[in-house]
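Asker: My request is simple: use the sequences and hints to build the entire structure.
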Amino acid sequence: MTTARAMQVQKRRQGRRGDALFALLLVLPGFLWFSIFNIYPAVYAFWISFHKWAILGESEWVGLQNYLRIFSDPIILIALRNTAVYALATIIGQIAIGFVLAVLVNQKLPFMKFFRLVYYFPVISSWVVVSLIFIFLFNSEGLVNFILVDFLHIMAEPKAWLTDPATALVAICILGIWKGAGWVMVIYHAAMQGISSSVTEAAEVDGASPWQVSWFIVFPMLKPTTLFITIMLTIGAFQSFIQFYIMTGGGPNNQTEVFLSYMFTQAFKYLDFGYGSAIAFSLAVLVVSISLIQQRFFKEGA
Amino acid sequence: MTRAMTPPRNPKTTRRVSRILMYVLLVVLAICMSLPMIYTLSTAFKGTVFVFEYPPQFIPKEPTFANFVNAWQSNNFGHYFLNSMFTASMTTIGTVAIAATGAYAFARLNFPLKNVFFWTYLLFMMIPGMLYIIPQFLIAKKLHLLNSLMGLVVFYVAGSVPFHTFLLRGFFQSIPGEIEEAAQMDGASRWQVFTRIALPLAMPALGTSAIFAFLGSWDEFTLALTFINDENLRTLPIAIRLFQGQHTAQWGLIFAASLIAMVPVVVAYVGFQNLFIKTVNEGGVKT
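Chains as they are written, first to last, in my numbering: chain A, 1 to 302; chain B, 1 to 287.
Hints were generated in silico from the structure; no laboratory data involved.
Predicted model, so just to flag it, every value in this text is computed and none were measured.
Where hints are given, some of them may not hold.
[Unchecked claim] SDA-like mimics (lysine to any residue), calculated; alpha carbons at most 25 Å apart, straight line:
(1) B:Lys142 with A:Gln294
(2) A:Lys269 with B:Leu242
(3) B:Lys141 with A:Thr265
(4) A:Lys113 with B:Asn281
(5) A:Lys113 with B:Leu275
(6) A:Lys52 with A:Gly63
(7) B:Lys142 with A:Pro224
(8) A:Lys223 with B:Val24
(9) A:Lys223 with A:Gln294
(10) A:Lys108 with B:Arg16
(11) A:Lys223 with B:Lys278
(12) B:Lys278 with A:Pro224
(13) A:Lys108 with B:Leu275
(14) A:Lys113 with B:Gln73
(15) A:Lys52 with B:Leu143
(16) A:Lys113 with B:Pro204
(17) A:Lys108 with B:Leu25
(18) A:Lys269 with B:Leu143
(19) B:Lys142 with A:Ile36
(20) A:Lys52 with B:His144
(21) B:Lys114 with A:Pro29
(22) B:Lys278 with A:Phe121
(23) B:Lys142 with A:Leu28
(24) A:Lys269 with B:Ile139
(25) A:Lys159 with B:Gln57
(26) A:Lys269 with B:Asn281
[Said to hold, decoys possible] One side of the interface only, derived from the structure: several residues of chain A facing chain B at Cβ under 8 Å:
(27) Leu26
(28) Leu101
(29) Phe121
(30) Trp183
(31) Val186
(32) Ile187
(33) Gln239
[What the hints assert, rightly or not] The calculated label-pair distances, taken between Cβ atoms and stated as ranges, are:
(34) A:Ser72 with B:Leu122: 32 to 38 Å
(35) A:Gly249 with B:Met126: 25 to 31 Å
(36) B:Ile179 with A:Gly249: 53 to 59 Å
(37) A:Phe71 with B:Ile59: 19 to 25 Å
(38) B:Met203 with A:Ser72: 56 to 62 Å
(39) B:Ile59 with A:Gly207: 19 to 25 Å
(40) B:Ile59 with A:Leu68: 57 to 63 Å
Each residue gets a CB set at the ideal place from its N, CA and C atoms; glycine is no exception.
Answerer: Given below as structure tokens:
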């Protein structure tokens, strides 16, 4: 009896050790690959940010100099302002439109699958392509000017949207809202399906319109979803690069620069890898802090 | 007071009216959301003279395929298409192979430091990817991976490992363990259980992962922009972007090229709409 049991235990132990070995064999290739090409670069970036980095020859350790430079660089302030404006405008816009779209496609009516398809398509389309499309739309002879001037008569004359920093930012924000609203819709729509219909039906029996139900009952119930969406959109907005790089290139005079476009310019145009890395790291710290603050803020509000 | 004056509402009429309003709003929003794409499509079929026609026309006068033919032949987009195809296919194979094995271990097996590995992946999914583009460039330079499509593949695969591991881990966890235990009782080895039972059962999930990996690398811009200098090695996003810089006014050609580049995306999206929506819902993926 005892020996049989001992053997069983031993066998199980060996099995477990075999399992562990087998598991490591499965996990390690991916983890090593990831470590070499992602984790190591992240650590390396931190190291570079303390140097006056030379592509050839010796790099010079400069301590916090690159980080101190950030605080005295006026363009960083512009980048901070533009990133904040872009984040605020696109987050509010995407959540508002995405929520309305979700309420609409949540109705049990025919053709909803088609409408979901249409609304979600911008999400999966390429940033490069849609940035080019928006350059074309916001051209001085473009469709936007035509609609505003000759069709709706809102503006007296066409505008060169992308050469004026303020209106260029507006155009890029509209692109951001247009491209991302479908994603917000899908997340809200999924969450709405988890709400018991008895709650909304009760309100409707009491005479509330579908929009009142959506705004006063459904939206407050989806608070955790809104938190998730807000955090994801914030992280996304602070990482935006391609739309700025392609639509304005940060110009004119760095006026439409955001963190990553400025980092990219510093690194790959001026080959100042140390300063670029310091900008990248500061951005990462900023993004993580904002996410944490948002989380706390929402929790306290609950 | 006014309320008493209005006739009692007929619920059926109210519902019909609100239904019509819903559809009006749905259609108006659908037009707003698809207007840029429709206009792009129409411009791609316009001759150069008609591109900046005023007022803008949605239906091209004298529609032409010339832009597509020109893009594909004279401007080498056929070649860039193949570059993108190669890069995205290799990335897909690498990503799915690596993520599937890792995901299975995370879902089914215990091993030392499991949580450390797990949290490292999670942490790095939150860190902006462009944070390390500078060191990645320096590493690629040192390893002679600049100006090489395989060099892009190496970094694309590395970047997509965490997300795809999580995606597939969830799926392996949802397969009932009894089937695998039964096979082990019958004497199958761990490896056999993995390759002959778990992997075939995971085919739908591997397909999902493959589509996301393919589309992700197909549209990737920043690394390709930084790593590729050689004109012959451009991928489509880079080619289209540079083309716009060189021929500012040739929008018909640019959009024809863009539409060529979008073919795999549209095919995947129309074919797998449910899958996209499902994956977004479960993982909150933002493509």
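Asker: Going straight from one Cα to the other, do A:Lys52 and A:Gly63 come out at no more than 25 Å?
Answerer: 9 Å, holds
Asker: For the pair we were handed, A:Lys113 and B:Gln73, check the Cα-Cα distance against 25 Å.
Answerer: Roughly 38 Å separates the two Cα atoms, so the pair is violated.
Asker: Take the C-alpha atoms of B:Lys278 and A:Pro224, compute the straight-line distance between them, and say whether it is at most 25 Å.
Answerer: 19 Å, holds
Asker: Are the Cα positions of B:Lys278 and A:Phe121 separated by 25 Å at most?
Answerer: 15 Å, holds
Asker: Holds or violated: A:Ile187 as interface residue toward chain B, Cβ cutoff 8 Å?
Answerer: Holds, because the Cβ-Cβ distance from A:Ile187 to chain B comes to roughly 7 Å (cut-off 8 Å).
Asker: Has the hinted range 19 to 25 Å been met by the Cβ atoms of B:Ile59 and A:Gly207?
Answerer: Given about 47 Å between the Cβ atoms, the range is violated.
Asker: Please work out if A:Lys113 and B:Pro204 have their alpha carbons no farther apart than 25 Å.
Answerer: 22 Å, holds
Asker: Given the hinted pair A:Lys108 and B:Leu25, is their Cα-Cα distance within 25 Å?
Answerer: 15 Å, holds
Asker: Sort out whether B:Leu242 lies within 25 Å of A:Lys269, counting only the CA atoms.
Answerer: With Cα atoms ~16 Å apart, A:Lys269 and B:Leu242 stay inside 25 Å; holds.
Asker: Quick check on the hint: A:Leu101 CB to chain B CB, less than 8 Å?
Answerer: The hint holds - A:Leu101 has a Cβ within 8 Å of chain B, the shortest such distance being about 7 Å.
Asker: For the pair supplied as a hint, B:Lys114 and A:Pro29, is the alpha-carbon distance within the 25 Å limit?
Answerer: 14 Å, holds
Asker: Does A:Thr265 lie within 25 Å of B:Lys141 when you go C-alpha to C-alpha?
Answerer: Distance of about 19 Å is within 25 Å: holds.
Taken one by one, the earlier hints fail for this structure at numbers 1, 7, 8, 14, 26, 37, 39, listed in ascending order.
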